[in-house]
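Q: One-letter residues, chain by chain:
Protein chains: 2
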Amino acid sequence: MAENMFLYWGSGSIPCWKPMIVLEEKGFGGYKNKLITFSKKEHKGEDVMKLNPRGQVPTFKDGDIVVNESNAICDYLESTYKDKGTKLIPDDKAKRAKVLQRMHEANSNIQQKLLVDVIYYMWQTKEEDRKEEDVKKKMDALKEELNRWEGYLGETKAFLAGPEFSMADVYFYPYIAFAVRMGLELEKLPNLKAYFDKLSARPSLQATQPPHWKEEEPKNTPLKGVL
Amino acid sequence: MAENMFLYWGSGSIPCWKPMIVLEEKGFGGYKNKLITFSKKEHKGEDVMKLNPRGQVPTFKDGDIVVNESNAICDYLESTYKDKGTKLIPDDKAKRAKVLQRMHEANSNIQQKLLVDVIYYMWQTKEEDRKEEDVKKKMDALKEELNRWEGYLGETKAFLAGPEFSMADVYFYPYIAFAVRMGLELEKLPNLKAYFDKLSARPSLQATQPPHWKEEEPKNTPLKGVL
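Residue numbers (the numbering used here), protein chains in the order written: chain A, 211 to 437; chain B, 211 to 437.
If you're looking for bench data, these hints aren't it; they were derived computationally from the structure.
Careful: at least some of the hints might be erroneous.
[What the hints assert, rightly or not] When the alpha-carbon atoms are kept at most 20 Å apart in a straight line, the in silico EDC-like pairs for lysine to aspartate or glutamate are as follows:
1. B:LYS294 - A:ASP302
2. A:LYS294 - B:ASP301
3. B:LYS434 - B:GLU365
[To be verified] Coverage of chain A stretches by chain B, computed from C-beta distances (three or more under 8 Å per stretch; other residues unrestricted):
4. 265 to 278
5. 395 to 405
All residues carry an ideal CB built from backbone N, CA and C; glycine is no exception.
Here chain A stands alone, though its shape is the one from the complex (with noise of 0.2 Å):
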């Protein structure tokens, strides 16, 4: 089946990284795929805007079926492939609900909190445009909501929605995993240090971890100190 996958992708995109795990998990590791250069604009290119006229990755193809949006990617493949590799969506609805609401609430939350709110905000205004009482609002809305997730994981003292890893997982370690680069020191939220320690030694993270990541530090760590 991988054989007659596609996927254009970008090295650190998180909505590429997403279905990527989804792909491993599932056991589809072989599928072809393109690494795309954002600053070549190759996600403008021909062969990507035939397929996804938005010009964006991820651009996905199972056979003749096209999916584009990161979310849709990762139910697709675990809803049409259900019985294979790691379930990553259970059966079980009180599991399933938990599963869901973990996903979403990260989805939403996390993207909002850490990434617009903090990392883009920090890389768009310029120092002399920030006010110190809007910095440490947003700084003090990611403590409270890092805080939320180490809270969770102190219940299932595991993954994120439960004892087995799950799609709340995928949802959820591309964000903290970004963090960590970012600069944010885990030490004083020893549940999600665990966590992040944990699943960072999984094989389908360990295989889709953004290569550029290896060969190059970041630019700059706008979450040290925040914690």
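Position chain B against the provided structure of chain A, taking the given hints into account.
A: Chain B alone, transformed into the frame defined by chain A:
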């Protein structure tokens, strides 16, 4: 089953509206519920906080199972009650891929370009602080986005993801209804106009129109003249 369900919701909240449409479509129209008033901070009340420590609506219970994220509730209801009422996510993998793609495309793009970049921006940025070129850029991006969906509807000639009402329509319709309330005149987008009129007459959408929309005119209409 509906008698075991309970929803806390707010009038006009798109995250609340989506699961409310699903509840109607699945045949759970008689579910128990409480309309909370944001201005009285009822979403921070003890009854909500007990089920949803974030103090947000929607907050939803199905028996002992609590699910609070809007997209998670939609997915939970559809996957738990697959064979009840309207089938919102098809079994056929190609059809399902299309529905998932359009759901998440609406969720990320329309939310960003309509709500965040235009409506919230116009609400939150004083007129003297708006840069003309920024406003033009945001409005152009919104126009381009709406034209994209006009094109999708030109292909299907029916609902968003094909000949049947689906979860893609659940995710998309509330945005377009809100845009119309905010002054968007659909005359220049005939497919969207016909779609909006048809869906607005659908029982599940009639039953779930935000009650305060019937009582109050909007305070301002920033989308007037955009198209």
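Q: Any hints from earlier that this structure breaks? Give me their numbers in increasing order, please.
A: 3, 5
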